[in-house]
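Engineer: Residue numbers (our numbering), protein chains in the order written: chain A, -11 to 57; chain B, -11 to 57; chain C, -11 to 57; chain D, -11 to 57; chain E, -11 to 57; chain F, -11 to 57.
Worth flagging that the hints you see were computed from the coordinates, not collected in a lab. Check before you lean on any hint, since a few could be wrong.
Mimicking DSSO-like on lysine-lysine, the simulated pairs with C-alpha atoms at most 30 Å apart in a straight line are [to be verified]:
(1) Lys(-10)(B) x Lys(-2)(A)
(2) Lys(-10)(D) x Lys(-2)(C)
(3) Lys2(A) x Lys(-2)(B)
(4) Lys(-10)(E) x Lys(-2)(D)
(5) Lys(-10)(D) x Lys(-2)(F)
(6) Lys(-10)(F) x Lys(-2)(E)
(7) Lys41(D) x Lys41(C)
From chain B, some residues computed to sit far from chain C (all C-beta separations above 10 Å) [stated by the list, open to error]:
(8) Ile(-4)
(9) Gly(-1)
(10) Val5
(11) Gly7
(12) Val9
(13) Gln34
(14) Lys41
Note that this is a predicted model, so its numbers are computed, not measured. Built from N, CA and C at the ideal position, the CB exists for glycine as well.
6 protein chains.
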Amino acid sequence: MKLSARNILKGTVKQLVTGAVNTEVTLEIAPGIEITSIITRASAEQLGLAEGKEAYAVIKSSNVMMAMD
Amino acid sequence: MKLSARNILKGTVKQLVTGAVNTEVTLEIAPGIEITSIITRASAEQLGLAEGKEAYAVIKSSNVMMAMD
Amino acid sequence: MKLSARNILKGTVKQLVTGAVNTEVTLEIAPGIEITSIITRASAEQLGLAEGKEAYAVIKSSNVMMAMD
Amino acid sequence: MKLSARNILKGTVKQLVTGAVNTEVTLEIAPGIEITSIITRASAEQLGLAEGKEAYAVIKSSNVMMAMD
Amino acid sequence: MKLSARNILKGTVKQLVTGAVNTEVTLEIAPGIEITSIITRASAEQLGLAEGKEAYAVIKSSNVMMAMD
Amino acid sequence: MKLSARNILKGTVKQLVTGAVNTEVTLEIAPGIEITSIITRASAEQLGLAEGKEAYAVIKSSNVMMAMD
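Work the whole structure out from these sequences, hints included.
Structural biologist: Okay, structure coming up:
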């Protein structure tokens, strides 16, 4: 499936924190660069996410803000 | 200002595409890894974004989806 | 690619409205039920979206609000 | 109240999963077509959401991505 | 229609900026406190938004970040 | 850090509700006007949010819907 999302970043799952409804996923996309994602626990289980596995962070560009020093 | 956003990624502005209301920003956060952001044109001008400048992509973790092959 | 998004709705592209930065896509997912999406113009072109083509609307469940009468 | 959201989809609540902070709502909007929503538990209680009740999924079009096979 | 969105802020439309696809709306919700919204141009026209009219900003709480000095 | 977000609203933290993964924050931005935010519990702890402290709600304008009576 091809996605309209401009931001599809490949990485390795570093950590999973599981709650009643949501799971927090930490993905390392480059040495020292991590992305954190909150998805439903049901999604995390259906995807089969686990520490050490390869996965992608997918972000719609309208959800990316910019900042400057 | 300290932000609750878990994802604050530093990079260099590669390209700006400007419309009537919105601007599309491409930020290189590591060699070959780019993030695209859509912000209002007014924000882009107020921030002073320009090609070659350093900037940050800021993403709320609830706006990050996960995918697997 | 398997996605964490819980909402992946198949339909037929009914209309495309193109701006300088964004494109508005109308997708019919069932008779009389339409979903409208705003994506970047670059994404719409890369996907090859066109009226009459099959496509999917993908929505993260944290971006769905509920309402009642 | 009239909303700017382009996507207001009527359906029947099929399932509620309740956590400490959030509730996951599954809404059937057409036979076999379901939408999943994550809202705060407080919102779910204030709305009076319950299985079998009619409700609406409300989605801002900038939060809808597109995909193609 | 009752909404799950926790943030429904009443105000007066101060300014509209219209593009090909999107419209930027500035709403004054208290003296000196403004909220800016980007909605589709079609939505702005269907709602009948105009400077001086009363309207509401509606924000899902999962889309609100926090910051501290 | 300067942000592209158009909506940065100063207020006082009124209430924190903490779950396994997320925290719900209620911020009073003017007398009788409150904003509710859902952020990760880890973010709430790193920011040091506590009842009575000053904080900001930060909202990307593309995440603000409009409504009219």
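Engineer: Now tell me, hint by hint, if it's right for this structure.
Structural biologist: Each hint tested on the structure:
Proximity of Lys(-10)(B) to Lys(-2)(A) is assessed by CA-CA distance (about 27 Å); at most 30 Å being required, the pair is judged to hold. A C-alpha spacing of about 27 Å is found between Lys(-10)(D) and Lys(-2)(C), which places the hinted pair at or below 30 Å, so the restraint holds. Simply put, Lys2(A) and Lys(-2)(B) have alpha-carbon atoms about 20 Å apart, close enough for the 30 Å limit, and the pair holds. Proposed proximity of Lys(-10)(E) and Lys(-2)(D) is supported: the alpha carbons are some 13 Å apart, at most 30 Å.
Straight-line distance between C-alpha atoms of Lys(-10)(D) and Lys(-2)(F) comes to about 28 Å, which keeps the hinted pair within the 30 Å bound. With a C-alpha separation of about 27 Å, the suggested pair Lys(-10)(F) and Lys(-2)(E) falls inside the 30 Å cut-off, and the hint holds. This hinted pair does not check out: Lys41(D) and Lys41(C) have alpha carbons roughly 34 Å apart, beyond 30 Å. The Cβ of Ile(-4)(B) sits about 20 Å from the closest Cβ of chain C, beyond the 10 Å cut-off, so the non-interface label holds.
Every C-beta of chain C lies more than 10 Å from that of Gly(-1)(B), the closest at about 18 Å, which supports listing it as non-interface. Its beta-carbon lying about 6 Å from the closest one in chain C, Val5(B) breaks the requirement of being farther than 10 Å from that chain. Not every CB of chain C is more than 10 Å from the CB of Gly7(B) (nearest about 3 Å), against its label as outside the interface. Non-interface call for Val9(B) relative to chain C: violated, since the shortest CB-CB distance, roughly 8 Å, does not exceed 10 Å.
Listed as a non-interface residue, Gln34(B) keeps its Cβ farther than 10 Å from every Cβ of chain C; the least gap is roughly 17 Å. No beta-carbon of chain C is positioned within 10 Å of the beta-carbon of Lys41(B); the least distance is around 20 Å.
Against the hints set out earlier in the document, violations occur for numbers 7, 10, 11, 12.
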